[in-house]
Structure formats: C-alpha cells, structure tokens
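Trainee: Here the protein sequences line up with chains B and R, keeping their order.
Take the first sequence: its letter number 31 is residue 31 in the working numbering, and every next letter is one higher.
Take the second sequence: its letter number 194 is residue 356 in the working numbering, and every next letter is one higher.
Each hint should be verified, as a subset may be incorrect.
Which bits of chain R does chain B cover? Going by a derived footprint, with three or more residues having C-beta under 8 Å, they are [as the list claims (entries may be wrong)]:
# : stretch
1 : 170–180
2 : 289–298
3 : 303–315
4 : 320–330
If you want a taste of the chain R side facing chain B, the calculated C-beta under 8 Å gives, among others [unchecked claim]:
#  : residue
5  : ARG166
6  : ALA336
7  : THR337
8  : SER338
9  : GLY339
10 : SER361
11 : THR397
12 : LEU399
13 : HIS411
Simulated from the structure, these hints should not be mistaken for lab results.
Since the structure is predicted, the reported quantities are computational estimates derived from the model, not experimental observations.
We put the CB at the ideal spot given by N, CA and C, even for glycine.
Residues per chain, in single letters:
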Amino acid sequence: MQRIVLWFMSTLTVVTLLFGYHTSTSSEMASGGTTSVQASPAVPGSTSSGTSDGTSSGSTTSGGTSSATTSPTTVTGDSTDTRWGPVQVQITVANGQITDVTVVDYPSGNGKDRQINARALPVLVQETLDAQSAKIDMVSGATVTSEGYIGSLQSALDEAGL
Amino acid sequence: MTARYVDHVMGMPISLAMRGRHATDEVGRAAWAEVMDSLREADAVFSIYRRDSVVSRLGRGELALSDCPPEVTEVLALGEEAARTSGGAFSVYRPGPDGVVVLDPSGVVKGWAAERAAEPLRALPGTGFCLSAGGDIVCRTEDPDAVPWRIGIENPRDPSLLVAVVPVVDGAVATSGSAHRGQHVVDARTGRPPAGIASVTVLAASLTEADIDATAAYAQGADAATWLGSRLGRTGLVVWADGSTTTVHDGARVLPQAG
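Same shape as in the complex, but just chain B (with noise of 0.2 Å):
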C-alpha cells in the first residue's frame, strides 16, 4: 500500500514536470515552474504525506500482488509554453501507474520562430554518388552507423573539404 502511495505521488510530480519546463532550447536548465497542478479526485487511502525521494519507487513491473485496486485517475495539468507554443498534459493514473498520456494541448503549426525557407521540392535524379561531382553539402539517408560512415558519400564530402 504504502508503495501505491508513493506511485501516486510520483505521478503528481510527473505532472508538475510535464508543466514545469520552459523552452529548452539554450541548455540551461529550466527550474522546476510555478504551475500548480490540481488533483481533483484522490485515490482513496492516500493522505499525500510523507516524501518521494526518488529511490522508493520500486520497478514498474511490480504492484501486481497488491489487493487494493483503485479507479482510474485522470489529472489535467496547466497549460504551459513551449518554443512550439502551449502544451497542456493529461495523465492517467491506475493502481500506482500512469496507464495513459493524452496531449490536451499542442500547437499545430510550424516552429513559430523560424521559416523553414525550404518549400523547395526534392528534385529528383538519378546521379552517382561521387564526391567531386556530386555538388552536395551533405547527404540524408536512413541512419548511418559510425562503422557504417567508412567509404560513404558523406565521408567523402567530410574529407574532400568541398
């Protein structure tokens, strides 16, 4: 029981993370937020004291011997800004684990901050690939392994210094 409790908590500060983040996109790291997350419905026989500490949480596979089955819980958390826009987050928690994650919120647009300026269509062709001749900066394919790099067009380029 004690470890449900726990879950749960946990979960909350699942919530609290998932709208305490600012932008990310310079490194530092952003410091938790003010959101305050509320938590309509509480699971019964949980009275929210004590601390998670983060080391007590026990696997995710376990909690399948405990008696205590509880409803469903479904928590919205504070719309927040992203650098894609607002994210809001919906969690779901069942029996001390979170059995879903809705999206309530997302932008649907681009990146508002920057123009991809790359509405240019692929142009197809069929040419060799060779470094001298391909007049390419780089190439995109299927992920290329480090072993895999050795003799490709891409190492080529690297090396040709074009």
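Based on the hints, put chain R in the right spot on chain B.
Mentor: Coordinates of chain R only, in the frame set by chain B:
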C-alpha cells in the same frame, strides 16, 4: 570555403559543414565543441544502451521522474504527441526481450538532440552551418540570400546513388529507412516492419519535427505519403519498395514518378 568537422557520438557520425565569418576560427571551433558536448549530454540522459543513463535508471526505479532533468518530460511529451498524430503507428514503447513493454525514446531523441545541439551554431553571426547527425540534417545559410545548402537524398535501394537533391536555406531534412541498420522501425500497431516502402524523407522547420515525422510516416508503410500529406508545413519524398517515388508538398501529393 567550407570548413568540415567530423566526430562520433551515440554510435553515429556527426558531420558539420560551416562557411562564412566563423567557419574556421576559434569561435566556430568552440561552437562545434559545444555541439558535441550537447549531444554527449543527451546520450548520457537518454541512451537505452548505457546502464547509467537517466532513462535506464528511471526504468529500474533508481530515479524518480522528479529527479530527472526537464528534457526527459519534453521528450516524453513529444513521443506521446507523435503517437497521437500517427494514429499509434509511432511509439516510444516497445516490447523488451522478456516481452515486457519498455520505454525506448530513441525515435524522438536523435532529431530533438541534434536540433538542440545546433543552437550554438545558430548563434554565430554571419556564419552558415549544415549539421548532420547520422544522416538527419539541420542547416541554415549565413544570410537568407546566400546560396542554399544542397542536401542529397540517398537512394535507399542503392546507397551509391542519389535519388533527389533539395536546396535548403533554413530548415531540416530527416530520412527514415532500412538501408543501413536493417529493419529497426516497426508499425507499433502491428509490431511488424512496414511493407512496400523503402524510405521517407521529410523537410520541416526543425529537425525535431522532421525526424519524428519521417519515422512516423515510414512506420505506416503504404499509407506514408497520404499521412505525410496531412501534415501541415511538411514537404517530403517517399521512395517505395519498387523504386517509384511520391513527392509530398504541403498537404498535396504531387509528381508521381516511376523509378
């Protein structure tokens, strides 16, 4: 004159091309060092291959979410949004070896981390950059009127060929496919690799968006072009398994061509 820099992190090559004012000086090299520091930090937080990463420790219950840096939440929210917009084809969860579903945010992390890592380059005045993280690219020219960066799109059926070239002034290009690492993307709805598709390339304002949408579209197989066409502000190129291509431009499918 274009300066070139190469390093490796997360098991993949990082290539940088710079031109303009700070391309070759100490300021530019310091920005490049910051790029690599940022990527290494992201690896330390998100790698599922490192037992000491924040995400690994979170999974083992050694850390509470409240102890995690805020970017963990940011990445989780991005993953949930991608799952929603792709109708469940994209997921940051996957079955582990023992069948238990585990968090694997790599599908979100790479583009997000590279976009973030490019910030020091973006801050360099009068300097153009083109940064590739294992084939996913974010770039900006030294000024809006400068010659665009030319991004070659690899032919997924033969990596010794290009299938397309696209000029980019300020934006990102990401490609998802099976050419180099085999079938590592699955449709989360079925648990199986998508059929009939060879690669998806997406152009978007940020690499965060481009990378997620490329993976989400690729996971949908035959529906990739239709889905990508529903995404506002995306331009893309789908290469099908038979070599034919479909270009998607801002909500419309155009220029179907035989390969």
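Trainee: Indicate, hint by hint, whether the structure satisfies it.
Mentor: Hint check results:
1. 170–180: holds (count 6)
2. 289–298: holds (count 5)
3. 303–315: n = 7 at 8 Å, threshold three: holds.
4. 320–330: Since three or more residues must qualify, the claim that chain B covers the stretch 320–330 of chain R holds, with 10 doing so at under 8 Å.
5. ARG166: 5 Å, holds
6. ALA336: The hint holds - ALA336/R has a Cβ within 8 Å of chain B, the shortest such distance being about 7 Å.
7. THR337: The hint holds - THR337/R has a Cβ within 8 Å of chain B, the shortest such distance being about 5 Å.
8. SER338: SER338/R check passes; min Cβ-Cβ to chain B is 6 Å, inside 8 Å.
9. GLY339: With a minimum Cβ separation of about 4 Å from chain B (threshold 8 Å), the hint on GLY339/R holds.
10. SER361: With Cβ-Cβ at 6 Å, under 8 Å, it holds.
11. THR397: Interface hint status for THR397/R: holds (6 Å vs cutoff 8 Å).
12. LEU399: Holds - the Cβ of LEU399/R comes within 8 Å of chain B, reaching about 5 Å at its closest.
13. HIS411: 6 Å, holds
Consistency note: the structure conflicts with none of the earlier hints.
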